[in-house]
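Trainee: Sequence:
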Amino acid sequence: MYTLIPAHQIALRVAELGRTVGEAYRGKPLTILGVLNGSVILVADLMRSVQVPHRVGFVQASSYGGPTTEPGSLSVGLSLMPEITGRDVLLVDDIFDTGRTMVRLLDELKLYRPASIRTAVLLWKQGRSEVEATPDYFGFQIPNAFVVGYGLDYDDDYRHLPDIAVLEDADLSTSQN
Numbered sequence: 034m035y036t037l038i039p040a041h042q043i044a045l046r047v048a049e050l051g052r053t054v055g056e057a058y059r060g061k062p063l064t065i066l067g068v069l070n071g072s073v074i075l076v077a078d079l080m081r082s083v084q085v086p087h088r089v090g091f092v093q094a095s096s097y098g099g100p101t102t103e104p105g106s107l108s109v110g111l112s113l114m115p116e117i118t119g120r121d122v123l124l125v126d127d128i129f130d131t132g133r134t135m136v137r138l139l140d141e142l143k144l145y146r147p148a149s150i151r152t153a154v155l156l157w158k159q160g161r162s163e164v165e166a167t168p169d170y171f172g173f174q175i176p177n178a179f180v181v182g183y184g185l186d187y188d189d190d191y192r193h194l195p196d197i198a199v200l201e202d203a204d205l206s207t208s209q210n
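Just so we're aligned: 156 in this note's numbering is position 123 of the sequence shown, and the numbers increase by one with no gaps anywhere.
Bear in mind the hints are in silico, worked out from the structure with no lab data behind them.
Accuracy of the hints is not assured; some may be wrong.
[As the list claims (entries may be wrong)] Listed below are the simulated EDC-like cross-link pairs for lysine to aspartate or glutamate, each with C-alpha atoms no more than 16 angstroms apart in a straight line: (1) 143 <-> 121; (2) 143 <-> 116; (3) 61 <-> 121; (4) 158 <-> 169.
With these hints in hand, go ahead and build the complete structure from the sequences.
Mentor: This is the structure in structure tokens:
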């Protein structure tokens, strides 16, 4: 495993994203919706940087199950989502990989008639998109590598790392979970 993006760079970029989002939503009824579980750390840091009143909630989506580095079928859960009808929504996820999760969640959220929906991700993996959509806001563009840390996991491990790290093949066989 090696560090791709150190914690101090993440902190600076998330603060910058927060200021940008705050300016874009000044005077609007904003709800930040984080995608569980990977976005929890990002949402916690981002919401402190967004200097406009906002609500926070979460939705569930998972396309990785167990010890795998390839996305599988997508499951979505909205039971933790607050009321978003008529509100501006910022959907926050940890990573934009194939884009299938983002598109599926956008389709589901539109059924609740929010005033608007924009998207923000910490990481945008280049060359993997299977959809036309792109994130409205992103922290870093990264190469096609399996990354962990700052909320991202492999088999529910490594989320606690403060940096974004690339998981190498040798790391996959030694996961502590």
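Trainee: Now look at each hint and say whether the structure bears it out.
Mentor: Against the structure, the hints come out as follows:
For the hint linking residue 143 to residue 121, the alpha-carbon distance of about 11 angstroms falls within 16 angstroms, and the restraint holds. A distance of roughly 12 angstroms separates the Cα atoms of residue 143 and residue 116; the hinted pair therefore holds under the 16 angstroms criterion. For the suggested pair residue 61 and residue 121, the alpha carbons sit about 7 angstroms apart, so the restraint of at most 16 angstroms is met. With a CA separation close to 14 angstroms, the supplied pair residue 158 and residue 169 stays within the 16 angstroms bound.
Hint violations for this structure: none, all hints satisfied.
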